[in-house]
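Residue numbers (my numbering), protein chains in the order written: chain A, 1 to 338; chain B, 1 to 338; chain C, 1 to 338; chain D, 1 to 338.
Keep in mind that a hint or two might mislead.
Copies of the same chain look alike in the list, so a pair counts if it works inside one copy or between any two.
[To be verified] Straight-line alpha carbon distances no greater than 25 Å define the calculated SDA-like cross-link-like pairs of lysine to any residue that follow:
no., residue 1, residue 2
1, Lys328, Asn230
2, Lys245, Met63
3, Lys68, Asn195
4, Lys68, Tyr137
5, Lys68, Gly86
6, Lys68, Gln319
7, Lys328, Asn93
8, Lys68, Thr169
9, Lys84, Arg107
10, Lys328, Ile48
11, Lys84, Phe12
12, Lys84, Val334
13, Lys245, Glu145
14, Lys245, Pro78
Source of the hints: derived by calculation from the structure; they are not laboratory data.
4 protein chains.
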Amino acid sequence: MIVIMHPEATLFEIDNVIAEVEGKGWQTHLSQGSGETIIGLQGNGQQIDPFQLGQLPGVRDTMAITQKFKLTSRAFRPEDTSFKIGDVTVGGNQLAVIAGPCSVESREQLLETAHAVKEAGATMLRGGAFKPRTSPYSFQGLGEEGLKLLAEAREATGLPVVTEVMSPTKVALVSVYADVLQIGARNMQNYDLLNAVGQAQRPVLLKRGMSATIEDLLMAAEYILRYGNNQVMLCERGIRTFDTKYTRNTFDVNAIPTLKELTHLPVIADPSHAIGVRRYVNQVTLAGVAAGADGLIIEVHPDPDQAASDGAQSLTPSQFFELMSQVKTMARAVDRVV
Amino acid sequence: MIVIMHPEATLFEIDNVIAEVEGKGWQTHLSQGSGETIIGLQGNGQQIDPFQLGQLPGVRDTMAITQKFKLTSRAFRPEDTSFKIGDVTVGGNQLAVIAGPCSVESREQLLETAHAVKEAGATMLRGGAFKPRTSPYSFQGLGEEGLKLLAEAREATGLPVVTEVMSPTKVALVSVYADVLQIGARNMQNYDLLNAVGQAQRPVLLKRGMSATIEDLLMAAEYILRYGNNQVMLCERGIRTFDTKYTRNTFDVNAIPTLKELTHLPVIADPSHAIGVRRYVNQVTLAGVAAGADGLIIEVHPDPDQAASDGAQSLTPSQFFELMSQVKTMARAVDRVV
Amino acid sequence: MIVIMHPEATLFEIDNVIAEVEGKGWQTHLSQGSGETIIGLQGNGQQIDPFQLGQLPGVRDTMAITQKFKLTSRAFRPEDTSFKIGDVTVGGNQLAVIAGPCSVESREQLLETAHAVKEAGATMLRGGAFKPRTSPYSFQGLGEEGLKLLAEAREATGLPVVTEVMSPTKVALVSVYADVLQIGARNMQNYDLLNAVGQAQRPVLLKRGMSATIEDLLMAAEYILRYGNNQVMLCERGIRTFDTKYTRNTFDVNAIPTLKELTHLPVIADPSHAIGVRRYVNQVTLAGVAAGADGLIIEVHPDPDQAASDGAQSLTPSQFFELMSQVKTMARAVDRVV
Amino acid sequence: MIVIMHPEATLFEIDNVIAEVEGKGWQTHLSQGSGETIIGLQGNGQQIDPFQLGQLPGVRDTMAITQKFKLTSRAFRPEDTSFKIGDVTVGGNQLAVIAGPCSVESREQLLETAHAVKEAGATMLRGGAFKPRTSPYSFQGLGEEGLKLLAEAREATGLPVVTEVMSPTKVALVSVYADVLQIGARNMQNYDLLNAVGQAQRPVLLKRGMSATIEDLLMAAEYILRYGNNQVMLCERGIRTFDTKYTRNTFDVNAIPTLKELTHLPVIADPSHAIGVRRYVNQVTLAGVAAGADGLIIEVHPDPDQAASDGAQSLTPSQFFELMSQVKTMARAVDRVV
């Protein structure tokens, strides 16, 4: 941390800042030029809130020079993290392709979709059994019955299963059936859930909150990694911006190269939520791959118009098949494989 | 719901839309002018996703004409909801003033603050025992020990206690000690928590998520109200916008008159979080009262520079005393009392 | 400016940065602790783009420690700037109240409104003759004819006139008729216009762009002040955020105390645009005064439902009269007068 | 336009709305079901502000069912617009690649860059002679001297020249030297400038404002098209969002497929401004092509660290050469050519 004093700060104010931070166990290093005085903090004192320090008399500004995220950072682990989920390696040269319906609705719906997405080239199956819905009056998911159907679909297809867990009390239950625990966007800062999932030692798909900064996302991952669980995929799923007339969210494609530089964790693009309109999903998918995503998660439903949730952004199996053909071409263009 | 067809939509496409919605149990009402054809839905069919309907061939746009929130709406309950918390009536002519430290840190810190805020005119005590922190390395709160201190402070001062609950598994525990259960901004869409709190039948302070729309907030309240619990205070605590250089958040003062019109629930302003800078808290507080807020929640700490969290936005007891004097004047100006 | 090097930066990289900035005429000051190396820049070298410097090998981050705005800053001029427009002093203890129709539509409409707002207590008259409209097919204003009507209304009422100028080519013309030149939100960074207005040596009402930061606004004012023209009112008129369902914009009430601290220029609140809904204008007006605004600009129209523009947010004369009564009470509550 | 009445609206209120809109020359069409009453407007009455109509007693909501943009819409012109600039066809199968420095700084700098980008495959040259800068103290461009250098670079390389015009008074001057008139993001709603450029009958590169909606952008284009000038390229250059820690703006890749559907005009991606960090420009460029952009505009400078503006996002000639090789591969993957 650096503290920049106002040019007109008095010596008394400077001493006061020094006393304050040294009282918290830091050493200080004073740098005085013709204009500003700068106080640098060194060593390992107690945590200091920069906003708080900034309120002391004579302080003009403060700057944290240490990144807050540690275990998730490239500095901590320079090489890419990769790990296996079933037979699939995530975080390497091969793109992970997770596909399936938003909600598990029935045995037929799920199995039909699972077989179709596998045939098209998907490597994991997604499907929601517990659904976080804005309205309490909307379909809330089949619950454990949905989890059982997902497990059955895995048996039938060999595809590992990704499904959301919404509550710390359900982590054990979902872990019985799922290969990957998904944290939804609305729960990205549900810390009790992050703690519970971190302890479960399962692979995690962590979705970025709709107004979470890159740093917020990495700090949420930090909650999981500090339990020794590195098997975390970060998922960019669209952010909330001022323009929602034609698309549900804004796909933050910038986040992909930024995250790839800041962290060693694999980054997954979710074009379905990121744009929310079926007929634009292909372009956003290809943009995600072009920008360097390590994988994709895409909603597919045998009859989107009848879907219990997110039908507007779900592809039909044949549309997904067509998309996968484009994804394969695109992957080659960026030296990846599907 | 209304479906607007493209001017060039074919009769086949129009029939298809009609068949689709009638298949979900709706009656339709066709309105054809010189230009657009409009299909109105009437009756009580199954829920339809407007985005999804909007993807059918020939559809130009759809519009939901029924508000999604029901129990929280003014239409459902035209008069203001008011309820008692201890001796304090919230939602009436008197402003509720909730004050106290961000985190409970020690017996001395809490009792000193509680006495001071009571003397200044606060009507409830706030204090965090479980703290949702962006970083796992930050102080996470004293837990149950903090709850006990809050209960002791209530005994000492008579002030009802407001404290956050972060997880459905902790609702029972927190309810033992607290008068009001607070849902934090990060958990506004943690539906398992909303369900648990709804069932607890306690007064709730529901904070708006940092990028939650007005409608999102009302839908979150709807989760609680459908358990028959109307004792919900909505809290505007600042939203996330593009400008964060000088303040932490943007106080959405527009939300106050808007919420007062849309819902019967009381609305509380949180100037401390909404601006995040101690020396601006007064102006934002006064603006909240002027705009029609039914109450305030303000962070006060005996030594903000040493606070474990949010020190930068906490007032000292004497600053709070001074603020309360201004609040009283302001309340009179808008025909309210403190 | 401060340059923070990566902990693992090499001496070569450090030397390279030093050479770079010294090559631009700066002296450097090296601060090396156990961890990071920090290079401070001192003196008066050429302008350096911090982003650009941040791209040099080994650089972790940079920080500008000097505020970019100079003439507009409190540091440059600690006391409040106040100036006279006609008989009205802006920037002192008295609130400036600018009122009138969005567009000048006719002689009758303007004179009726001008008399009504004067009677209610307004101190200046607003009215648009040149209208920036999103659609080229919307009413674009009466042009010079509108300016003449404004001048006539000034003669009739004694109220100084505020009107928008949209183009550098029109500054001379508008200056013939207007007392205050208004720069609209869409033109806040129209630098040729700012230059032209700066040279005109007239009082200016500078509206904040709808996504302009506080710093952007102050930098725009800086364009005007450097021509020696200090008679600039800054106007907060609502920003663009993610929630536009119930209100047109989000009134950034935080901007008022922030601007009052950063700059010596008077700050005007524009509740009409900031919320965009007539029945909420009163609450936002009062919030603006409570937060410390030095004045108000409010749209009033004798028949808002027939207004050529912005009718939805315009008050009737009798609503404005009622509002002014509330404003007077509110002004007293914050030790101001109207 | 559709007007939805409150369920509890009185017949008097309904009649009042009908009288209001019929008084503006519209025919109405009433649709009454079990719940809401809906009033449809038909014919060609005067423009009505939906917000304003929404304020009438008994009105719950209104909905514009006609798109505001006309000449720019696909409905008006279903086939892609393409046009020639020099030998380059924009809007067809070939990607337009516009490259060059942010600012024209010197003859050597410009000619060296022009030759380099041409060799790498660029088809047009960009360079700023008039620079809109946030600070009045920053380099403002070489003015006409810069324009002359651009014309010289065109002579030397054959590349058509794209350069910004900031003021209606400069349109004639810039048109003497430039092939394409650029409207910058800050001037997207500078209507006097749009009018002047529309009349100039030159190809235009219209940059999206940093918080302009898709609709705002199309309405700005509408200003130009109504002068019979269809030669307009729309440019997505990044929008302003809540996260600016690691990148300057957020590239709104969603805008590309959305615009391609809504309008017949070609869409250009500006990765340099959209992310603002040199080492991420490649990924964003590829994402833009993958999403369907018709062209690219990229900043290239022989010595970015010495650039007078935007050095942090400028590529070196050799980096651009490398990028063009990737762009060619990417173009093939989406069936385009460079």
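Structure-based check of each hint:
In the homo-oligomer, the alpha carbons of lysine 328 and asparagine 230 never lie at most 25 Å apart, since the shortest distance is 28 Å inside one protomer and 37 Å across protomers. Taking the shortest Cα distances, lysine 245 and methionine 63 sit within 25 Å of each other only across copies (12 Å), while inside one copy they are farther apart (38 Å). With identical chains, the CA atoms of lysine 68 and asparagine 195 are at most 25 Å apart within one copy only, with a shortest distance of 18 Å there and 33 Å across copies. With identical chains, the CA atoms of lysine 68 and tyrosine 137 are at most 25 Å apart between copies only, with a shortest distance of 9 Å across copies and 40 Å within one.
Within a single copy, lysine 68 and glycine 86 get their C-alpha atoms no closer than 33 Å, and across copies no closer than 42 Å, so neither meets the 25 Å cut-off. Taking the shortest Cα distances, lysine 68 and glutamine 319 never come within 25 Å of each other, neither inside one copy (42 Å) nor across copies (32 Å). With identical chains, the CA atoms of lysine 328 and asparagine 93 are at most 25 Å apart both within one copy (13 Å) and between copies (22 Å). In this assembly of identical chains, lysine 68 and threonine 169 lie within 25 Å of each other by CA distance neither inside one copy nor across copies; the values are 29 Å within and 29 Å between.
Within a single copy, lysine 84 and arginine 107 get their C-alpha atoms no closer than 27 Å, and across copies no closer than 49 Å, so neither meets the 25 Å cut-off. Proximity of lysine 328 and isoleucine 48 under a CA criterion of 25 Å is satisfied in neither setting, with 49 Å inside one chain copy and 35 Å between copies. When the C-alpha separation of lysine 84 and phenylalanine 12 is checked against a cutoff of 25 Å, the pair qualifies neither within a copy, at 59 Å, nor between copies, at 40 Å. For the homomeric pair lysine 84 and valine 334, the shortest alpha-carbon distance inside one copy (22 Å) is at most 25 Å, but the shortest distance between copies (31 Å) is not.
Proximity of lysine 245 and glutamate 145 under a CA criterion of 25 Å is satisfied in neither setting, with 37 Å inside one chain copy and 38 Å between copies. With identical chains, the CA atoms of lysine 245 and proline 78 are at most 25 Å apart between copies only, with a shortest distance of 21 Å across copies and 41 Å within one.
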